[in-house]
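**Q** These are the residues of each chain, in order.
2 protein chains.
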Amino acid sequence: MAYRALDIDSICDYLSGIEEIQAFFGTEEIEASEIGDGNLNFVYLVRAVSDPSRAVIAKQAVPYLRIAGEGFPLSRERMTYEIRALRTFKALAPDYVPDIYYSSEEMSLLVMEYLGDHVIFRTGLLEGRQYPRFAEHISSYMAKTLFHTSSLSLESSEKRALMDRFSANTQLCKLTEDFVFTFPCMEHETNDNGNVKGNPLAEMIFADMAFKERVLELKYKFMTQADALLHGDMHTGSLMVNEVETYMIDPEFAFVGPFGFDIGALLSNLIQNYIHHDIVTGNETHKLWLIETIEETLRLFAQKFVALWDATERSALMIPGLLSSESKKNYQQKFMQGILQDTVGFAGCKMARRIFGIAGVTDIRGIEDPALRAQAEQRVFEIARGFVMEYDRIGSVSEIIKRIKG
Amino acid sequence: MAYRALDIDSICDYLSGIEEIQAFFGTEEIEASEIGDGNLNFVYLVRAVSDPSRAVIAKQAVPYLRIAGEGFPLSRERMTYEIRALRTFKALAPDYVPDIYYSSEEMSLLVMEYLGDHVIFRTGLLEGRQYPRFAEHISSYMAKTLFHTSSLSLESSEKRALMDRFSANTQLCKLTEDFVFTFPCMEHETNDNGNVKGNPLAEMIFADMAFKERVLELKYKFMTQADALLHGDMHTGSLMVNEVETYMIDPEFAFVGPFGFDIGALLSNLIQNYIHHDIVTGNETHKLWLIETIEETLRLFAQKFVALWDATERSALMIPGLLSSESKKNYQQKFMQGILQDTVGFAGCKMARRIFGIAGVTDIRGIEDPALRAQAEQRVFEIARGFVMEYDRIGSVSEIIKRIKG
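Those protein sequences? They're chains Y and F, same order as listed. Mapping of the first sequence onto our numbering: position 27 corresponds to residue 495, and the numbering continues sequentially without gaps. Mapping of the second sequence onto our numbering: position 99 corresponds to residue 567, and the numbering continues sequentially without gaps.
Hint data in this document are derived by calculation from the structure and do not stem from the laboratory. Accuracy of the hints is not assured; some may be wrong.
Which copy is meant is left open, because identical chains are indistinguishable; a pair holds if it fits in one copy or across any two.
Listed next, the in silico BS3-like pairs over lysine-lysine satisfying Cα-Cα at most 27 Å (straight line) [unchecked claim]:
1. Lys772 x Lys802
2. Lys558 x Lys802
3. Lys689 x Lys797
4. Lys797 x Lys642
5. Lys755 x Lys873
6. Lys642 x Lys689
7. Lys665 x Lys796
8. Lys772 x Lys558
9. Lys689 x Lys772
10. Lys796 x Lys642
11. Lys870 x Lys689
From just these sequences and the hints, can you work out the full model?
**A** Listed below in structure tokens is the structure:
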């Protein structure tokens, strides 16, 4: 089936011709509305006319950046990787990934569960809402997906086959290389230059060579360290939550990269929400919950990851009879420390890039009072710099928490 | 052109039908003889009947391990990677790679320059011969091929495309994972069990958990650290030399892996030759030359690698204006130290595996006197263990040399 771009007028007809969608809606008539929040893709909410609670999300990539228009070409192959990643993650951690009703790499089309009872995690956090089961959920999701796509679980040929399925996700990996690790650390046309001009913090960061050397060290890890299949863009806008459920969405940046990158991305976003509330709302209950959530997420992730590892006798890395069980424990401990350190380093990079880079987070860039915003940016950079400069000397979760509290 | 296995009776006819081979031999009649030293493949020397100095080497992979027979299947795809690697390396370092006259991935066939005036480097070294230009050559070869296939030289998409061309070389990568990093450290049916039985050194190694934890750390790097396109099996049997020339051959293990793996493989082989002469021949001139060669190789490699880097303004890693030139120097220094440390670690693994693993080196396993052989093995392990346990604390080439001299 050759690719063609669908629109609000053609989407329902098109979907009605697909067996899996017929199975979902039966003989019901359906209608579609466009959901405006996709930067990259067209996203439609498709419902049964007689019962709007029966609904799916249809997402199609176009061969350009939706938010910027046809003048900004971006290969629609990104949807290929989103489909592949979503299916891989769904198989490994079904509770935390939306149901997939239909997908077509040729049509760059994905039809999946409508999460009508959930909100974007960032939005909830900005409103000061707490999600008591989040740490439990996200630690399970990350432990399962990262462990089971790594050489600690897969056999050698399975791991290389997995890499193969994602290694051509070049354009989006390059976006991260440029917009996370490079441009935000220097004068660049893509930066938030309205804020950069005459800003002493920007001047300081752009001249901070010791910091940039370390950022490049982490960029190099991002480019070359093939630990596991990552979401690749695991910020609080890529999570949908409510009191009882947590879902990961939008994994179009997926590729095989360093363990610490996803966890670091999440950590950086939680910290930026903490700074937001520290400086803007002074909501102490929420701040306390955030600290606990960070602590729990990191602790539970490590615990669950090691438990999966303990249950694995044979993988590309290890076979029975090679190490004693005590020795395996030593090895695991050092390995987990390495993941924690990378997590801290990547969290630092991901925080720093939000200050002057092209894409800010609402938590900081959305602060309307310029003085408060500058104060928040200052605080983001202090933590980010500490993380980046000393990530490989961080030994524990409590050290991370101490730095966040300042 | 569908695959068919050639043999001594069909090879000349087949080659005569290929335009590139016609261009080489003109209208001369050709004849072939089988060269018996290929473990994996069939290798033929093909000459003009009237002038045997006009000759080529034709190499064809069969879908099994040649040395073991059809009962030991091994995908002939290995020749695909040998062809791709040889062509890539030839383009980057033409002086150190044989000319390629013809290749066919479909036929798993490679026709290349006959190095009739050269000997296998290991053979020369065992005879106590010295090759005054070797360090100069091999350092150029490694600097050029490793630098130009890394993210320090390539753009992001070029690097991922390169990885793509080699990422399915699964079977041979797995051989290394198993036979270098795993089986030689434990009781295993594939080991040189005639020597293992009742051997206190074997008993010691197999029980040395601290050592094996570190070997696994390096195995993990081998599996996941995608620095550059490696030869993948750079021992002294993969090099053909004479007084004035050095050629790399047999890169069928090629894949994108850690910089230090090839350099470490070479280092380990030079050290084992040093130990051979120390214990068997007492040839002090040769030992001195080996030490100088190791020193020069490592020093010149780093020098040339950095020179190529200095001449590179833009790559996946860096763009102009990001770092000051002083800062780039700091970054490079730390980076090169990382390569040196990995080199030492991998050299240690590669030495240790030669003691009891399936494939020994003649330098050690060929020592006929059992007492001398045991003494050599002891010495190999002493250095190997030091390297593996302390690779990430090694700061300089002189430290490496001190450890070799013992």
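**Q** For each hint, tell me whether it holds in the structure or not.
**A** How the hints compare with the structure:
Only within a single protomer do Lys772 and Lys802 lie at most 27 Å apart by alpha-carbon distance; the minimum there is 16 Å, versus 34 Å between protomers. Taking the shortest Cα distances, Lys558 and Lys802 never come within 27 Å of each other, neither inside one copy (29 Å) nor across copies (40 Å). Taking identical chains as interchangeable, the C-alpha atoms of Lys689 and Lys797 lie at most 27 Å apart whether they share a chain (25 Å) or sit on different chains (19 Å). Proximity of Lys797 to Lys642 under the C-alpha cut-off of 27 Å is restricted to the inter-copy arrangement: shortest distance 25 Å between copies versus 37 Å within a copy.
Proximity of Lys755 and Lys873 under a CA criterion of 27 Å is satisfied intra-copy only: 10 Å inside one chain copy versus 59 Å between copies. Proximity of Lys642 and Lys689 under a CA criterion of 27 Å is satisfied in both settings, with 14 Å inside one chain copy and 23 Å between copies. Only between protomers do Lys665 and Lys796 lie at most 27 Å apart by alpha-carbon distance; the minimum there is 26 Å, versus 53 Å within a single protomer. Taking the closest pair of Cα atoms, Lys772 and Lys558 come within 27 Å of each other only inside a single copy of the chain (18 Å); across copies the shortest separation is 48 Å, beyond that limit.
With identical chains, the CA atoms of Lys689 and Lys772 are at most 27 Å apart both within one copy (24 Å) and between copies (23 Å). For a Cα distance limit of 27 Å, the shortest separation of Lys796 from Lys642 across copies, 21 Å, qualifies, whereas the shortest one inside one copy, 36 Å, does not. In this assembly of identical chains, Lys870 and Lys689 lie within 27 Å of each other by CA distance solely inside one copy; the values are 26 Å within and 32 Å between copies.
Violation of the numbered hints given earlier is confined to hint 2; every other hint is satisfied by the structure.
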